[in-house]
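Undergrad: Sequence:
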Amino acid sequence: MPKPAMHAHVVEQSRFVALRVSIRYSDLVREMTASEASRNFSAVLDAAEEGETIVVTRAGRRVATIAPAPTVNAPELRAVFSRWQGDPAFDDSLEARIEAARSSVLADLDNDPWLD
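Residue numbering for the sequence shown follows full-length UniProt numbering, starting at 1 and increasing by one per position.
Hints in this document: simulated from the structure, not taken from any laboratory.
Model, not experiment: these values are computed from the prediction.
Wrong hints could be hidden among the right ones.
FRET-style restraints, in silico, Cβ to Cβ [said to hold, decoys possible]: (1) Gly60 <-> Arg97: 23 to 33 Å; (2) Glu50 <-> Glu76: 16 to 26 Å; (3) Ser103 <-> Phe41: 38 to 48 Å; (4) Arg62 <-> Glu95: 22 to 32 Å; (5) Ser82 <-> Val29: 36 to 46 Å; (6) Ala101 <-> Ser35: 29 to 39 Å.
The C-beta atom is built at its ideal place from N, Cα and C for all residues, glycine as well.
Please build the complete structure, drawing on both the sequences and the hints.
TA: Have a look at this one:
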């Protein structure tokens with residue numbers, strides 16, 4: 001369920017500065033203007049670390065998305081590697097594809113396009 005919209009403005013009042021953060025929620029995605037994201041970048045990163053996705057807008061257009069980084073835990077990684085080790089055909093085909101790609105790149109480097 002979307003959280004209520006809030007608005008950010010920096011308002012100077014005599015010696016005090018009040019900061020209110022502007023965040024709009026649409027379809028469970030947080031939206032902030034580029035200026036707001038810049039001023040509150042640490043909070044934006046904290047929100048992403050907590051699992052939230054933040055869409056950054058400029059002049060009303062969506063220009064960027066800040067989202068949590070994908071993570072892989074060690075048991076998942078070990079399971080993937082153990083499956084690869086048990087499939088020699090995969091290893092052979094991968095090695096052949098890498099060698100073919102290297103050969104192709106090296107062949108292209110030997111050709112001088114200005115001499116053709």
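Undergrad: Would you mind marking each hint as holding or not holding in the structure?
TA: Taking the hints in turn, this is what the structure says about them:
Checked against the given bound of 23 to 33 Å, the beta carbons of Gly60 and Arg97, roughly 46 Å apart, lie outside it. Between Glu50 and Glu76 the Cβ separation comes to about 22 Å, which falls inside the hinted range of 16 to 26 Å. Remark: the range hint 38 to 48 Å for Ser103 to Phe41 is upheld by a beta-carbon distance near 46 Å. The hint said 22 to 32 Å for the Cβ distance between Arg62 and Glu95, and at roughly 43 Å that hint is violated.
The given range of 36 to 46 Å is respected by Ser82 and Val29, whose C-beta atoms sit roughly 37 Å from each other. Remark: the range hint 29 to 39 Å for Ala101 to Ser35 is contradicted by a beta-carbon distance near 45 Å.
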